[in-house]
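Chemist: These are the residues of each chain, in order.
2 protein chains.
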Amino acid sequence: MTTGARRRMGVEERRRQLIAVALELFSRRSPDEVSIDDIAGAAGISRPLVYHYFPGKHSLYEAAVRVAAEELTARFVEPPEGPLGARLARVMGRYFDFVAEHGPGFSALLRGGGAIGSPGTGAVIDEVRRKAYEQMLLHLELDAPGPRLELVIRSWVGLAETTALTWLEGRRIPREELQLQLVHDFMALAVVTATTDDETAALVRRIIAQEPLDGAFGEFVTRLLSILDGTPAGKHDMWSG
Amino acid sequence: MTTGARRRMGVEERRRQLIAVALELFSRRSPDEVSIDDIAGAAGISRPLVYHYFPGKHSLYEAAVRVAAEELTARFVEPPEGPLGARLARVMGRYFDFVAEHGPGFSALLRGGGAIGSPGTGAVIDEVRRKAYEQMLLHLELDAPGPRLELVIRSWVGLAETTALTWLEGRRIPREELQLQLVHDFMALAVVTATTDDETAALVRRIIAQEPLDGAFGEFVTRLLSILDGTPAGKHDMWSG
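The listed protein sequences correspond, in order, to chains A and B. For what it's worth, full-length UniProt numbering labels the leading residue of the first sequence as 1, then goes sequentially. For what it's worth, full-length UniProt numbering labels the leading residue of the second sequence as 1, then goes sequentially.
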């Protein structure tokens, strides 16, 4: 019994090691460009031994995607305390940490996984998006929002992905700038929907009422007004009423 | 020679017919759920004859995706005349026409294609996104925007995809509302980036200066101000300065 238990532990440890090695390789090269030989070599074991733990590259890839997804969703967790803008900014900081650490693997996965993507990895991505959505509900103190407010939140989660993917292409914009921009983007998308949806309008008013003037949202509004001040005098009325 | 030319025409015609049949089936069911037998049956030919024109389901799927992509990019084309907001609203209308017509096929493709997705179909999606980006450059009268303005445009293209995918899940929001919302979303994302990027700020000022007060953007600003008027008096200063 004891020996059997030890052997099972050993299998799990070896599987975890191979997943960690694979994730490390996927952080430097696209998964399509990483072979089982590369993984065996980096783990210091033989190619047949890798196949002993994972029946094929697809199964190792899917296991690695699941471990990475757990790591990412753990980073979404933020205590629901203090100004909302500051909370979202901290979550965006940890999101970009993850994106920066997993670079090519993150890009390949979200671009459909290339030849190695599968319905299984697609389901893992959907689950991560659902968890991001649920964390937002928690912070926004919402239970079951209507379809318009749900769309605001889910489309913002998608916007964070697109922004991160574009950033990874050449890292031409400082990530700190994009992290804060995404916080402001959330408010901007909410305000657009608030112009036609009462539930979203009530949320926007509640956020504005709770947000400090020197916080992530207050700073944004100050900058916004400085842009609008620069518009031709005759057109400025359009924004200021 | 004449007979040979006719036979080649016949092959192309048959291929086009099979692609049209496949796209029609993908508009009602996910491509993963459509078999070669279904396609053969709908086309009124035998299963082996389908394989004569396409070596397998993947090759027929990829050909169908290419035809659908051409159809979609043709709908992006809009004369660069009149107010920008109205132009974008017309393009969004045609985009949602396409999305509504291709429902399950569109969803499956953008969610990685399930078991039938491939690097080839991923490349077609990237090409459609690139063409959407180029059309936007044309309308915004931009040649080679800096990385921040490029990100605004590309992330808006992604936002249109996410919005369309979410709409397809239950069609719970009238599509006309989402088409106009996406026009406003573009302006909102541009304004956010304009608060830190001079090039985007100049573009926003140019759009505001050219846009009629009763156009798609003018109407949005009017609604926006009515929301902000509803905020508690003490906090209203935050937005109006």
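A few of these clues could be false.
Note that the list lumps identical chains together, so a pair holds whenever it fits in one copy or between two copies.
Derived DMTMM-like pairs (lysine to aspartate or glutamate); straight-line CA-CA distance at most 25 angstroms [as the list claims (entries may be wrong)]:
id, residue 1, residue 2
1, K131, D38
2, K57, E199
3, K57, E134
4, K57, E78
5, K57, D38
6, K131, E161
7, K57, D32
8, K57, D198
9, K131, E78
Simulated from the structure, these hints should not be mistaken for lab results.
Chemist: State for each hint whether it applies.
Modeler: Each hint tested on the structure:
1. K131 - D38: Close neither inside one copy (33 angstroms) nor across copies (37 angstroms); limit 25 angstroms.
2. K57 - E199: neither (47 angstroms within a copy, 46 angstroms between copies)
3. K57 - E134: Cα proximity of K57 and E134: none, with 32 angstroms in one copy and 38 angstroms across.
4. K57 - E78: neither (35 angstroms within a copy, 46 angstroms between copies)
5. K57 - D38: within (11 angstroms within a copy, 32 angstroms between copies)
6. K131 - E161: both (14 angstroms within a copy, 20 angstroms between copies)
7. K57 - D32: For K57 and D32, both the intra-copy (10 angstroms) and inter-copy (22 angstroms) Cα distances are at most 25 angstroms.
8. K57 - D198: neither (50 angstroms within a copy, 47 angstroms between copies)
9. K131 - E78: within (13 angstroms within a copy, 39 angstroms between copies)
Comparing the model with each earlier hint shows violations of hints 1, 2, 3, 4 and 8; every other hint is respected.
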